[in-house]
Amino acid sequence: MNDEEVVAIIIKELLVIMPNASDIASETNIVRDLSLDSLAVMDLVMALEDYFDISIPLDRIADTETVFQLAGVVQSLQTEVRA
Amino acid sequence: MSILKKFEELRGAYNHVKEAGNDPFSVCFDEILSPTEGVVSGKKTILLGTNNYLGLTFDKQSIETAVSALRENGTGTTGSRIANGSYGWHARLESNLASFYGRDHAMVFTTGYQANLGIIATLAGRDDHLVIDADSHACIYDACKLTPAPVTRFKHNDPNDLRTRLGRIKNNGGNIIVVTEGIFSMLGDKAPLKEIVEVTKEFGAYLIVDEAHSMGVLGKHGRGLAEECGVEDDVDFILGTFSKSLGAIGGFCVSNIADFDLLKVACRPYMFTASLPSSVVASVVTALEKVEKGELLREKLMSNARYLHSKMIAAGFSVGPDVSPVVALRLQSSEMAISFWNALLNEGLYVNLALPPATPANMSLLRCSVSSSHSKIQIDKAVALFTKIGIEFGVIEPELLAQFG
Chain A
75 MNDEEVVAII IKELLVIMPN ASDIASETNI VRDLSLDSLA VMDLVMALED
125 YFDISIPLDR IADTETVFQL AGVVQSLQTE VRA
Chain B
-2 MSILKKFEEL RGAYNHVKEA GNDPFSVCFD EILSPTEGVV SGKKTILLGT
48 NNYLGLTFDK QSIETAVSAL RENGTGTTGS RIANGSYGWH ARLESNLASF
98 YGRDHAMVFT TGYQANLGII ATLAGRDDHL VIDADSHACI YDACKLTPAP
148 VTRFKHNDPN DLRTRLGRIK NNGGNIIVVT EGIFSMLGDK APLKEIVEVT
198 KEFGAYLIVD EAHSMGVLGK HGRGLAEECG VEDDVDFILG TFSKSLGAIG
248 GFCVSNIADF DLLKVACRPY MFTASLPSSV VASVVTALEK VEKGELLREK
298 LMSNARYLHS KMIAAGFSVG PDVSPVVALR LQSSEMAISF WNALLNEGLY
348 VNLALPPATP ANMSLLRCSV SSSHSKIQID KAVALFTKIG IEFGVIEPEL
398 LAQFG
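Protein sequence lines correspond, in order, to chains A and B. Residue numbers for the first sequence follow this note's numbering, beginning at 75 and rising by one. Residue numbers for the second sequence follow this note's numbering, beginning at -2 and rising by one.
Okay, chain A solo, but in the shape it has when bound (with noise of 0.2 Å):
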C-alpha cells in the first residue's frame, strides 16, 4: 500500500469520529487542526490498528502531528511485522 492510500484510509477513519470535518488533507495538524483531544486520537489509532491489522504502540504515535506523518508510522510498522 503507498502513502496516498494510507492516506486515505486515515482520512476516512478520521470521518468516522468526526463526521462534519472538512478538508481533511496529507498534512492537516491531527491535534491542532481539528481538536482531537488525546483520547480522540488514541481512539483513532486503535480503528487504525484493527484496519491494518497491526499494533501501533501509543509511544509510536507520540511526535506524529500530521496525517501524512502518522501514514508514515502505519508503514513503517507494517514493514516490521512483514520482516
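Take every hint as true, because none was put in to throw you off.
In silico DSS-like cross-links for lysine-lysine, where the CA-CA straight-line distance does not exceed 30 Å:
1) K191(B) <-> K152(B)
2) K142(B) <-> K86(A)
3) K86(A) <-> K167(B)
4) K287(B) <-> K378(B)
5) K152(B) <-> K86(A)
6) K3(B) <-> K15(B)
7) K41(B) <-> K378(B)
8) K373(B) <-> K57(B)
9) K217(B) <-> K297(B)
Hints in this document: simulated from the structure, not taken from any laboratory.
Based on these hints, arrange chain B on the given structure of chain A.
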C-alpha cells in the same frame, strides 16, 4: 508570554464550567458531619459522591488507633521509607495486607495513584509490552507515560478484542503485561475478569488488576473482583487504595511473585516520596479488620446500590450497565450536566460531575457513589431531587414516571 498560556483552552473550558454557579472542582465542605452528610455554604448536604463505600471514615476504633499512633509516633515521617526507614505500623500493615489477600508480599504506597504509577511503570521495561483497557483510570495512563515499554489499548471490557490485539504484538523477548480494573470508576461497570484471565493465560501474559473501587466492596471477604470471580490465583498483581472503602489514604500492591522485595529499591514513586504517617496507617490497619469481617456492611452496601440503581432506572434516567455502588447517570450534554449538578448542590445533594475527556465515549455524567452508611431515607431524598430537577430540565418525562414509577 505567560508560561501558562499553553492552557488557554483549558482556561476557557474551566471558566465555562464555573460560570454556571459553583466550581465543581473545588467544592468546599464547611463541615463533614458523618460519612454521608456535610455542610456546603451553610446548607446540610447529603454526600453521594465520595467513594466512602463502607462508611468507615468515622469508624470509632479506626479513629482511636489513629489518635494513639499520632501521639506515639508524631505527625509525620518527614521522609521516604528508603531514607528515613519504616515505622512499625508500615510493617504491620504490609503483613496484614499480605495475609488478607493470602499472598506472600505486600507493599504500601503513599497514595493509590502512586501505587498504580509505580508498579505498572516499574514492571514494564523496554522489551516488555503493556496492554491496558481503553477506559483505564488516569493513573494507569500516567504509568504508561513513565514506562519505556510500548503501550497498546484494548476495547473496554472486551476479552475478544484483547485476544486480537495480543495476537498482533511482536515478541521482543520480553513480557506482556495486561492491566484492567475491578470496578471502573466512572460507570461502575466490572471487568469480565474470568474471560480476561483466560485470554491472558493463552498468551502467557502477566495480569495486573486495580481493585481501587472493588476492594472491600466485592467478594465474600471483600478482596475484590478477583475474589468474586474466583480467579485470585491467576491475577499476578493486585493494586488498590486505602482512600475508598478503607476511609483513609494510601495505596498498595500485593503479589506472590519471587523477588518482590526488589520493587522496593526499583520503584521510584515508592522510593522518592514521603511515607504515610503512622496515624493514617494505624487507621487503615483497623479499617482492614472491619473490611475483612465486613460481610454485613457489604450486604447493606449492595442492597443500597441495587435500590439506587433501580430507582434511577424507574425514574427514567440512563444509568451504567452493572449494579455497583457507582451509579452514573448519563446526560445529553455537558451544559445540561453542569446545570443539573449545580441544581442538585443548591438543593443539598453532592454528587460528582464528570465531563469529557475524563469520561468514556465523551459522556457527560452525574456520578453517584453509594455507601453502606446511607439510609433509605437519604437515598429516597436523593432520587426525589434527581427526579424533580430531571423533570424541570426535561431530562426525564413525568408521563413515563407516572406510568412506571
